[in-house]
Amino acid sequence: MIWKTVGHNKSASIIKNIPLFSELSDEEIELIEHIIIKKNYAKDQIVLFEEDTGNYMYIVYSGMVRVVKQSLEGREQIITIHKKSGFFGEMSLLDGKTAPATIIAHEDAVIGLLSKDDFEKHLLSNETIGRKIIDLLCAQLRDSWAMIKILSFDNAEHRIMAVLERMHELYGMVDDRGGIINVKLTHQQIANYASVTRETATRVLNRLEKEAAIQVLDGKTILLTKKFFELTKTIG
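Taken in order, the sequence shown gives residues 0 to 235; the numbers are from numbering that gives the first Met the number 0.
Hints should not be assumed to be uniformly reliable.
[Unchecked claim] The list that follows gives simulated cross-link-like pairs (lysine to any residue, SDA-like), each with its CA atoms no further than 20 angstroms apart:
(1) K226 with G177
(2) K226 with E208
(3) K37 with R130
(4) K115 with D51
(5) K37 with L112
(6) K82 with H121
(7) K82 with S70
(8) K15 with G177
(9) K120 with I36
(10) K120 with R130
Just so you know, these hints were derived from the structure itself, not from any lab.
Please construct the entire structure, taking both the sequences and the accompanying hints into account.
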């Protein structure tokens, strides 16, 4: 894969918002900003294949990306979605191994790349970075537990509801109507996340909407009503 520089963004606040770098000095942040390469990606363009993940850490400067596993038939199993200031691949910089996932632009995005060589040369010896790496490992473990919980439900409706609840935890906002998932997801993507068919996901989502547990708003974002959260309390 050929990487192309598309200009250096001067907004160090993006770097500062990344937990791994949040406690670094302004001088250290500026150094990171200078060694990062940025590239534009169109919606649904592959950012990296699994075999490319061992040499770079990736930072989302704008837009969103989805992290997926792909079956031999090409079906996506969504693991998570990263939005602006999100990052991925930091574990590959530590052990040099590839991540078992493909990264795809969920919408038009600008992605920054930090190479393994630069990470080791400029950052790995930093004690603050070391402490943050431990925090990130714990966070990733919690994310894995959340996915295991979703897939543990035998009932397709419960899986779909668990996916919606997880999306709200990660990307949601609250108003007097309930909780809004601030990420656009197609029925197919929700189905992939929950490991059910698209037809099943559509049937469940239509039923939840008919029961006033969810509401599709303008822009295709999803409102989880107070009834939705009442229902989730009954499924564990």
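A quick look at each hint next to the structure:
no., hint, result
1, K226 with G177, "holds, 9 angstroms"
2, K226 with E208, "holds, 11 angstroms"
3, K37 with R130, "violated, 27 angstroms"
4, K115 with D51, "holds, 12 angstroms"
5, K37 with L112, "holds, 6 angstroms"
6, K82 with H121, "violated, 26 angstroms"
7, K82 with S70, "violated, 24 angstroms"
8, K15 with G177, "violated, 31 angstroms"
9, K120 with I36, "holds, 16 angstroms"
10, K120 with R130, "holds, 18 angstroms"
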